[in-house]
Amino acid sequence: AQSVTQLDSHVSVSEGTPVLLRCNYSSSYSPSLFWYVQHPNKGLQLLLKYTSAATLVKGINGFEAEFKKSETSFHLTKPSAHMSDAAEYFCVVSRMDSSYKLIFGSGTRLLVRP
Amino acid sequence: DTAVSQTPKYLVTQMGNDKSIKCEQNLGHDTMYWYKQDSKKFLKIMFSYNNKELIINETVPNRFSPKSPDKAHLNLHINSLELGDSAVYFCASSQGVLAGTDTQYFGPGTRLTVL
Numbered sequence: 001a002q003s004v005t006q007l008d009s010h011v012s013v014s015e016g017t018p019v020l021l022r023c024n025y026s027s028s029y030s031p032s033l034f035w036y037v038q039h040p041n042k043g044l045q046l047l048l049k050y051t052s053a054a055t056l057v058k059g060i061n062g063f064e065a066e067f068k069k070s071e072t073s074f075h076l077t078k079p080s081a082h083m084s085d086a087a088e089y090f091c092v093v094s095r096m097d098s099s100y101k102l103i104f105g106s107g108t109r110l111l112v113r114p
Numbered sequence: 001d002t003a004v005s006q007t008p009k010y011l012v013t014q015m016g017n018d019k020s021i022k023c024e025q026n027l028g029h030d031t032m033y034w035y036k037q038d039s040k041k042f043l044k045i046m047f048s049y050n051n052k053e054l055i056i057n058e059t060v061p062n063r064f065s066p067k068s069p070d071k072a073h074l075n076l077h078i079n080s081l082e083l084g085d086s087a088v089y090f091c092a093s094s095q096g097v098l099a100g101t102d103t104q105y106f107g108p109g110t111r112l113t114v115l
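Here the protein sequences line up with chains F and E, keeping their order.
Take 1 as the starting number for the first sequence in the numbering used here and just add one per residue.
Take 1 as the starting number for the second sequence in the numbering used here and just add one per residue.
Keep in mind that the hints were calculated from the coordinates and are not lab data.
Any given hint could turn out to be false.
Ranges of calculated distance between the beta carbons of each label pair, as one might list FRET restraints [unchecked claim]:
#1 G16/F <-> K52/E: 44 to 54 Å
#2 N41/F <-> N79/E: 24 to 34 Å
#3 N61/F <-> L83/E: 34 to 44 Å
#4 Q95/E <-> A54/F: 18 to 28 Å
#5 H77/E <-> K68/F: 38 to 48 Å
List time: in silico DSS-like cross-link candidates among lysine-lysine, alpha-carbon distance up to 30 Å [claimed, not checked]:
#6 K42/F <-> K9/E
#7 K49/F <-> K9/E
#8 K49/F <-> K52/E
#9 K41/E <-> K49/F
#10 K36/E <-> K19/E
#11 K42/F <-> K71/E
Just so you know, even glycine gets a beta-carbon here, dropped at the ideal spot from N, CA and C.
Only chain F is shown next, with the shape it has when bound in the complex (with noise of 0.2 Å):
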């Protein structure tokens, strides 16, 4: 079975400060992490993908995550926060080998104070 928690339903962070935004998965086969995000009254958008290559993974707009094995962690940073950056973000979980199915966080949503 697979999971993903979000410790975090709201982060708030003052702009030009780091961003990090916490998950956690479970699975009990080689997973395949996402950081998705959806600006308001939007799609979700692909930010990053982590599928058994580089640990550290580089995405969109500034955002990396590293996947940490010992801590079943995939959290999401950014050295910077924009303006733009405020919407929710999912955590989402896949098994790397045979699965058709994304299992999704419940999302944290992101404020960014001027």
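Fit chain E to the supplied structure of chain F, relying on the hints for placement.
The following block gives chain E in isolation, referenced to the frame of chain F:
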């Protein structure tokens, strides 16, 4: 050049009605999906089609019937709408069927409100 498009964007209807949501992708992908996002933003897959064949059918009431006339289209028909069907429905597509490696591209969503 919208990659995955859905119509309508908003749908307001009465309980008991039948409605359809249409989805089209111009990415040349073989696989399409329908997801439901509830009021708490929780996203869950409902259906998936690959080359017009159903490959995922989650525990969804049989009032929901997906229809794929061709690889580029996956429509969602809902009979006898209930209050609990109110949600945002997302269509998505990917080249292959392996969610672990095939990136899924999402449409903008259809917000369904059942009164």
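query: Any hints this thing doesn't respect? Which numbers, in order?
result: none
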